[in-house]
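K.L.:
Quick note: the sequence shown uses the UniProt record's numbering, first residue 1, plus one each step.
One or more hints might be untrue.
[To be verified] 20 Å max Cα-Cα, derived PhoX-like pairs, lysine-lysine:
id: 1; residue 1: K125; residue 2: K115
id: 2; residue 1: K126; residue 2: K108
id: 3; residue 1: K127; residue 2: K137
id: 4; residue 1: K125; residue 2: K135
id: 5; residue 1: K108; residue 2: K97
id: 6; residue 1: K108; residue 2: K118
id: 7; residue 1: K115; residue 2: K127
id: 8; residue 1: K93; residue 2: K109
id: 9; residue 1: K148; residue 2: K137
id: 10; residue 1: K143; residue 2: K162
id: 11; residue 1: K137; residue 2: K125
id: 12; residue 1: K126; residue 2: K115
id: 13; residue 1: K87; residue 2: K97
id: 14; residue 1: K109; residue 2: K97
id: 15; residue 1: K162; residue 2: K179
id: 16; residue 1: K137; residue 2: K118
id: 17; residue 1: K149; residue 2: K133
id: 18; residue 1: K96; residue 2: K108
Read the hints as simulated data drawn from the structure, not as lab findings.
Quick caveat: nothing in here was measured; it's all calculated off a predicted structure.
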Amino acid sequence: MAEELKKLVEVEAPPPPPPVEPSKPVVQEKAVVPPPDDSKALAVVEKATESEPKKISGGSHDRDVALAEVEKEKRLSFIKAWEESEKTKAENKAQKKLSAVAAWENSKKAALEAKLRKTEEQLEKKKAEYAEKMKNKIALIHKDAEEKKAMVEARRGEEFLKAEEMAAKYRATGQTPKKLLWCF
1 MAEELKKLVE VEAPPPPPPV EPSKPVVQEK AVVPPPDDSK ALAVVEKATE
51 SEPKKISGGS HDRDVALAEV EKEKRLSFIK AWEESEKTKA ENKAQKKLSA
101 VAAWENSKKA ALEAKLRKTE EQLEKKKAEY AEKMKNKIAL IHKDAEEKKA
151 MVEARRGEEF LKAEEMAAKY RATGQTPKKL LWCF
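Let's have the full structure, built from the sequences with the hints guiding it.
P.N.:
The structure is reproduced here in structure tokens:
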């Protein structure tokens, strides 16, 4: 009976871990849980690598466990690759949008600066035209003033001649003028 019990214990004993390729170290997770206290603390998980490769033992069960472990690692590596790919896509998309926003901003700034320069040029042109008009008006006013001065001088000359003629007539006739200016 003791021998049958030993056989049952050996059969029911957990199979040894699946074989692993020597080139890939196996990562084993150990959870370190601090003693409970009143504060809320998170458990720290440390990953340790197993230095000695697992022993390969014959049997389909061990092979199935090993294949399941390989499939799990394969699946996890695919998930990790997918995650990195999605993160890279998101980063690239964000960079593309940021560069598009920067390009939009630069184009709008350039357009406004061009509009400002155009407006400044138009204002300078209008200022020059207005200054030219003012100079023309000043020249016209100066011309009119010169004409008016010439007319006043001509009238003064005419009045001087008329006064001299009248004075000569009064002298010749001996009469006195009817209008006298008494200015002393």
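K.L.:
If a hint holds in the structure, say so; if it does not, say that too.
P.N.:
Checked hints:
no.	hint	in the structure
1	K125 <-> K115	holds (15 Å)
2	K126 <-> K108	violated (27 Å)
3	K127 <-> K137	holds (15 Å)
4	K125 <-> K135	holds (15 Å)
5	K108 <-> K97	holds (16 Å)
6	K108 <-> K118	holds (15 Å)
7	K115 <-> K127	holds (18 Å)
8	K93 <-> K109	violated (24 Å)
9	K148 <-> K137	holds (16 Å)
10	K143 <-> K162	violated (28 Å)
11	K137 <-> K125	holds (18 Å)
12	K126 <-> K115	holds (16 Å)
13	K87 <-> K97	holds (15 Å)
14	K109 <-> K97	holds (18 Å)
15	K162 <-> K179	holds (15 Å)
16	K137 <-> K118	violated (28 Å)
17	K149 <-> K133	violated (24 Å)
18	K96 <-> K108	holds (18 Å)
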